[in-house]
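Those protein sequence lines, which keep their order, are chains S and X. Just remember that the numbering used here sits 426 ahead of the position in the first sequence, which is counted from 1. Just remember that the numbering used here sits 232 ahead of the position in the second sequence, which is counted from 1.
Mixed in with the good hints there might be a few duds.
Taking lysine to any residue and the SDA-like style, the derived pairs with C-alpha atoms no more than 25 Å apart in a straight line are [unchecked claim]:
#: 1; chain 1: X; residue 1: LYS311; chain 2: S; residue 2: SER646
#: 2; chain 1: X; residue 1: LYS311; chain 2: S; residue 2: LYS508
#: 3; chain 1: X; residue 1: LYS285; chain 2: S; residue 2: PHE675
#: 4; chain 1: S; residue 1: LYS681; chain 2: X; residue 2: ASP288
#: 5; chain 1: S; residue 1: LYS670; chain 2: X; residue 2: GLN380
#: 6; chain 1: X; residue 1: LYS294; chain 2: S; residue 2: GLU450
#: 7; chain 1: S; residue 1: LYS688; chain 2: X; residue 2: SER266
#: 8; chain 1: S; residue 1: LYS508; chain 2: X; residue 2: THR271
#: 9; chain 1: S; residue 1: LYS587; chain 2: X; residue 2: ARG322
#: 10; chain 1: X; residue 1: LYS294; chain 2: S; residue 2: LYS681
#: 11; chain 1: S; residue 1: LYS694; chain 2: S; residue 2: ASP677
#: 12; chain 1: S; residue 1: LYS688; chain 2: X; residue 2: LYS285
#: 13; chain 1: X; residue 1: LYS294; chain 2: S; residue 2: SER672
#: 14; chain 1: S; residue 1: LYS650; chain 2: X; residue 2: THR271
#: 15; chain 1: S; residue 1: LYS670; chain 2: X; residue 2: SER265
#: 16; chain 1: S; residue 1: LYS670; chain 2: X; residue 2: ALA295
#: 17; chain 1: S; residue 1: LYS508; chain 2: X; residue 2: ASP288
#: 18; chain 1: X; residue 1: LYS294; chain 2: S; residue 2: SER676
#: 19; chain 1: S; residue 1: LYS587; chain 2: X; residue 2: ASP304
#: 20; chain 1: X; residue 1: LYS311; chain 2: S; residue 2: LYS563
#: 21; chain 1: X; residue 1: LYS311; chain 2: S; residue 2: SER676
#: 22; chain 1: S; residue 1: LYS563; chain 2: S; residue 2: LYS612
#: 23; chain 1: S; residue 1: LYS680; chain 2: X; residue 2: ASP288
#: 24; chain 1: X; residue 1: LYS285; chain 2: S; residue 2: LEU674
#: 25; chain 1: X; residue 1: LYS311; chain 2: S; residue 2: LEU433
#: 26; chain 1: X; residue 1: LYS344; chain 2: S; residue 2: ASN649
Facing chain X, a subset of chain S residues (Cβ under 7 Å, in silico) [what the hints assert, rightly or not]:
#: 27; residue: GLU453
#: 28; residue: ALA454
#: 29; residue: LEU480
#: 30; residue: ILE641
Computed footprint of chain S on chain X; a stretch qualifies when at least three of its residues, placed anywhere within it, have a C-beta under 8 Å from a C-beta of chain S [what the hints assert, rightly or not]:
#: 31; region: 242-252
#: 32; region: 319-330
Bear in mind the hints are in silico, worked out from the structure with no lab data behind them. Note that beta-carbon positions come from the ideal geometry of N, C-alpha and C, so glycine has one too.
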Amino acid sequence: MIDSQELTELLESIRFVYGYDFTEYSEASMKRRIDYFMTGNKIDSIHELGKLILKDDSSFEQFVQDVTVNVTEMFRDPAFYKSIREKMIGRLATYPFIKIWIAGCATGEEVYSMAILLKEEGLLDRSVIYATDINQKALQMAREGVFPIDNMKAYTTNYIKGSGNGSFSDYYIAKYNHVLLDKSLKQNIVFSVHNLAVDKSFNEFQVILCRNVLIYFNQSLQNKVINLFYESLCPFGFLGLGNKESLLFSDKRKKFEEIDRKEKIYMKTV
Amino acid sequence: MGTSAGGVSALSTILQALPEDYSLPVIVVQHRSSDLNTTLEEVLQYKCGIRIKQADEKEFIKAGTVYFAPADYHLLVEKNRSLSLSFDMRVNFSRPSIDILFDTAAEAYGGKLIGIIMTGANGDGADGIRTIYRYGGVTIAQDPDEAQYPTMPQAAIDTSCVRHIFDLGQIVNYLLAVGGKETFTDE
């Protein structure tokens, strides 16, 4: 098991050397992930880990990629997507141009889910989805839009439960044991790197989705990130969080209206 | 506490015996899948005096409360005695995983921890029991002869890190003895 003090020192060093700030991530799961990385790379001590990643850029990149990977699914929590159709689409349809930010998009499943939903609601053509993540390897996979075929059955069930009104298989072609998502879905998506702990606001959006990312941050960082989202939302813009997350730790919580308490959809009030 | 198949019944027996002013916090991983729209906490609360709830993100752990891991998330204990959730890979095919709860609880509470493994059909929790033991905590396994599914408590016992093998009645007596009268201080 990793010593807390040593871990804190390492994270401070990483911040100093590379500008990546992991010091306010939830400690318990960060420790587990680093432990897993060390075991997998046969590194015996934090000291040795520090020597490796602080001196060698590519080792550090590998470390970031392994330690920030988040698991995701298409149409995850179908009730959330159902709620988007019922509670968000109406207002979004009134905008001539829709900007959506999916923060912490990982390998992109949620991004393509949103693209499919927008296409079915006739809004994809006037939307741009900005999909960001700290993890460059995950982003690259997201750009390619290639997913293992084993997952598609579960995703199809999710899609149907999320009130999908087409046929899920229309959106991809299967090849060997992978599927390739349709090009038409990719046209309105921009994938880029963004570090929620460190980077600033870069645009104003009608919708920001950030699901099951905040759970990896401590309360203080959660507050900072919600502030970032608040600043990045246009008036009456929507914020969607993961179903176990909330605005509880945010000093901006009174500035949001609860649109769906169960599915954690909020609207910025003015 | 960690349970899997047969766990709801075992938990029911134990939790019903704990009073509303029980002086220790109880944190539970009951293996549960996200398919079922489960109201496990509500069903148990109906029969129990002690407060039963699902663990909330970053919630601080308090005495006299039973915290359940939600379906399809890992539950972790932070050093500052709050609860965190994670959606990392399954451990022992399980999410929530008992090992993850026990490992992180041992790091947070050291020797001031009681780890209990009860009925279940896989080996999740055995490594966690080992961790709790190493940190000086008390480790208990339900008697495999009594457990509806003996695999899980047996796997824990096989680590040689289980201090007591109790049936449910003995677990209840032990918990009442340690938590009935002492006051628990939130540090």
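Hint check results:
no.: 1; hint: LYS311/X x SER646/S; result: holds, 15 Å
no.: 2; hint: LYS311/X x LYS508/S; result: violated, 38 Å
no.: 3; hint: LYS285/X x PHE675/S; result: holds, 20 Å
no.: 4; hint: LYS681/S x ASP288/X; result: holds, 22 Å
no.: 5; hint: LYS670/S x GLN380/X; result: violated, 32 Å
no.: 6; hint: LYS294/X x GLU450/S; result: holds, 23 Å
no.: 7; hint: LYS688/S x SER266/X; result: holds, 15 Å
no.: 8; hint: LYS508/S x THR271/X; result: holds, 22 Å
no.: 9; hint: LYS587/S x ARG322/X; result: holds, 24 Å
no.: 10; hint: LYS294/X x LYS681/S; result: violated, 30 Å
no.: 11; hint: LYS694/S x ASP677/S; result: holds, 13 Å
no.: 12; hint: LYS688/S x LYS285/X; result: holds, 16 Å
no.: 13; hint: LYS294/X x SER672/S; result: holds, 20 Å
no.: 14; hint: LYS650/S x THR271/X; result: violated, 33 Å
no.: 15; hint: LYS670/S x SER265/X; result: holds, 16 Å
no.: 16; hint: LYS670/S x ALA295/X; result: holds, 22 Å
no.: 17; hint: LYS508/S x ASP288/X; result: holds, 24 Å
no.: 18; hint: LYS294/X x SER676/S; result: holds, 22 Å
no.: 19; hint: LYS587/S x ASP304/X; result: holds, 18 Å
no.: 20; hint: LYS311/X x LYS563/S; result: violated, 31 Å
no.: 21; hint: LYS311/X x SER676/S; result: holds, 22 Å
no.: 22; hint: LYS563/S x LYS612/S; result: holds, 18 Å
no.: 23; hint: LYS680/S x ASP288/X; result: holds, 20 Å
no.: 24; hint: LYS285/X x LEU674/S; result: holds, 17 Å
no.: 25; hint: LYS311/X x LEU433/S; result: holds, 13 Å
no.: 26; hint: LYS344/X x ASN649/S; result: violated, 32 Å
no.: 27; hint: GLU453; result: holds, 6 Å
no.: 28; hint: ALA454; result: holds, 4 Å
no.: 29; hint: LEU480; result: violated, 24 Å
no.: 30; hint: ILE641; result: holds, 5 Å
no.: 31; hint: 242-252; result: violated (count 0)
no.: 32; hint: 319-330; result: holds (count 3)
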